[in-house]
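J.: Both chains come to you apart, so use the hints to assemble them.
Here the protein sequences line up with chains A and B, keeping their order.
Residues in the first sequence are numbered from 0 upward in steps of one, following numbering that gives the first Met the number 0.
Residues in the second sequence are numbered from 0 upward in steps of one, following numbering that gives the first Met the number 0.
Think of the hints as simulated: they come from the structure by calculation, not from any bench.
All C-beta atoms in this analysis are idealised placements derived from N, C-alpha and C, irrespective of residue type, glycine included.
Do not rely on the hints blindly, as some may be mistaken.
As a list, the in silico EDC-like pairs of lysine to aspartate or glutamate whose alpha-carbon atoms are at most 20 Å apart [said to hold, decoys possible]: (1) A:Lys93 <-> B:Glu92; (2) A:Lys93 <-> B:Glu73; (3) A:Lys162 <-> B:Glu73; (4) A:Lys93 <-> B:Asp94.
Distance windows between CB atoms, simulated [stated by the list, open to error]: (5) A:Val109 <-> B:Ser100: 32 to 38 Å; (6) A:Ala6 <-> B:Phe85: 42 to 48 Å; (7) B:Arg88 <-> A:Gly98: 28 to 34 Å; (8) A:Phe141 <-> B:Asn87: 35 to 41 Å; (9) B:Leu80 <-> A:Met148: 17 to 23 Å.
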Amino acid sequence: MSDLATALVFWPVGALMLVTALYVFVTSSMARAGLLLLAALALEGLLFLALASEFLGVLMLLMMSAEMVIMVFFMVMFMPDPGGLMGMDMVHDKRRSAGAAVVVGLLLAVVAVLTDWPAQMLPPDAPDVRAIGFEVMGRSMFSFLFAGMAILFTIVGGIMVAKQGGRYGVGAPAGEAREG
Amino acid sequence: MITLPVVLAFAAVLFGIGLYGVLGQTNAVMVIMGVELMLGAAMLNVVGFLRFAHQDSTSGAFFVLILLTLMALEAAIGFGLVISTFRNRRTAEVDDLTDLSG
Numbered sequence: 000m001s002d003l004a005t006a007l008v009f010w011p012v013g014a015l016m017l018v019t020a021l022y023v024f025v026t027s028s029m030a031r032a033g034l035l036l037l038a039a040l041a042l043e044g045l046l047f048l049a050l051a052s053e054f055l056g057v058l059m060l061l062m063m064s065a066e067m068v069i070m071v072f073f074m075v076m077f078m079p080d081p082g083g084l085m086g087m088d089m090v091h092d093k094r095r096s097a098g099a100a101v102v103v104g105l106l107l108a109v110v111a112v113l114t115d116w117p118a119q120m121l122p123p124d125a126p127d128v129r130a131i132g133f134e135v136m137g138r139s140m141f142s143f144l145f146a147g148m149a150i151l152f153t154i155v156g157g158i159m160v161a162k163q164g165g166r167y168g169v170g171a172p173a174g175e176a177r178e179g
Numbered sequence: 000m001i002t003l004p005v006v007l008a009f010a011a012v013l014f015g016i017g018l019y020g021v022l023g024q025t026n027a028v029m030v031i032m033g034v035e036l037m038l039g040a041a042m043l044n045v046v047g048f049l050r051f052a053h054q055d056s057t058s059g060a061f062f063v064l065i066l067l068t069l070m071a072l073e074a075a076i077g078f079g080l081v082i083s084t085f086r087n088r089r090t091a092e093v094d095d096l097t098d099l100s101g
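Next up, chain B with everything else stripped away, as it sits in the complex (with noise of 0.2 Å):
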């Protein structure tokens, strides 16, 4: 039986695995998979409101399909930033990029 609960709680596990990837990894790249993951589990967390606890369905899928234009938008710029970085440093790691560090 699935209920809410579990739901929500395989959408926190799969948010907790997106932040390992944006805090851990070293390439910008794989940063933005990190935040791809995150907003997925945010998205897993809509559909299962929709499912379980929301009359209004169809208002919340319209929701989703804003989660979806947002992935695909945070991809594109973030995208743009690591080709102009590259261009700039040749590098895409994260850790060579330390002009506003303290």
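So here's chain A without its partners, still in its complex pose (with noise of 0.2 Å):
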């Protein structure tokens, strides 16, 4: 893709991204909020469409699709209100996490701008598909295999957690259970 290309999709979708991710926490509906963290991270899939990484931006595309469809039965379950009809307010600590938030958006966005970083520019047609499965059959496959087991250990965990009774199973120890 072209510098002028590259350009005429960042600006847009980026710009794009910024509203919706911003909009997920405006709005008073979970289930909206749900959708509209979906398309946040499916235009920052886009974005890194825009940026030579085509393997992993749409491997981003269909792991957030995924994961936010989850997301939004969640939202359902746990909020009172999921269409959002009466307008409730999800927001405590407004004046000092919105300052926070400002503070060190705008530093880091300082910083980037005004440090000096290489420019070693990226060939257009790396890094591929092929180039990034040696790479996890290579060097990387420890690290890989680490993601596996974290993947099947957070599966095991997860459920343990969650399910009825907590790890000490249904009948709960003296002290653990809690009135419903």
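T.: Right, here's the structure in full:
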């Protein structure tokens, strides 16, 4: 993709990504918030595509679309008003949290703009899927196996945490049981 | 023309929005969404460095794969904790979880 084409895609898609990400926390409906988060992360996947990371962009689109659909289910389950018809406020400590977010965001942006980064432009044909495959099967294999094990442990641990009675089983020992 | 500082600045603003969600939202599921956005900003940083500043791009792409895995794991454990909390307290509001507050 040429520099002009990259710029033509990056600016509008990037701006839309930031707007949708902000509206995730502005809307009063969790169902809408989930779909807006899906839109923000899908737009980030498009940014990856524009930045010549095709494999990562497609992977991001696929993973996030599945994850956010699951997340919408959780949001509908755990909020009293999934449709957002009552206009409830889900924010606490609004001024301080907004102030901290603005300060951190601006600080990071200023550092990013003012730092003299090294400029070693990547050739547009790299990285390709084949090279990533060799990387996974080569020197990064241990890290990849570690990620796989982490996923397995998370599956087991997540179920143990979430199941009825927690990790002690249905008959919880004294001191662990709580009033429902 | 897109340069590395532009990409990093977009990622910084996205990180700030995610931080606002983590600090300001009262519902645990929304806090998880804020963390997702912060990790997304980290990934955008890595892809920017891949594109503009790093020759050995393949290992960098692998780093994004690890971050994507981390996003999924964080959401899974977070949802597990939300379900557990809801079973015990009948709420997912973080303001109600004050057992350890001083």
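J.: Now, for every hint given, state plainly whether the structure supports it.
T.: How the hints compare with the structure:
1. A:Lys93 <-> B:Glu92: holds, 16 Å
2. A:Lys93 <-> B:Glu73: Not satisfied, since the Cα-Cα distance of roughly 25 Å exceeds 20 Å.
3. A:Lys162 <-> B:Glu73: holds, 18 Å
4. A:Lys93 <-> B:Asp94: The given pair, whose Cα atoms are some 14 Å apart, holds under the 20 Å limit.
5. A:Val109 <-> B:Ser100: 32 to 38 Å: Given range 32 to 38 Å: holds, Cβ gap about 35 Å.
6. A:Ala6 <-> B:Phe85: 42 to 48 Å: With a Cβ separation near 46 Å, Ala6 (chain A) and Phe85 (chain B) satisfy 42 to 48 Å, so the hint holds.
7. B:Arg88 <-> A:Gly98: 28 to 34 Å: holds, 30 Å
8. A:Phe141 <-> B:Asn87: 35 to 41 Å: holds, 39 Å
9. B:Leu80 <-> A:Met148: 17 to 23 Å: holds, 21 Å
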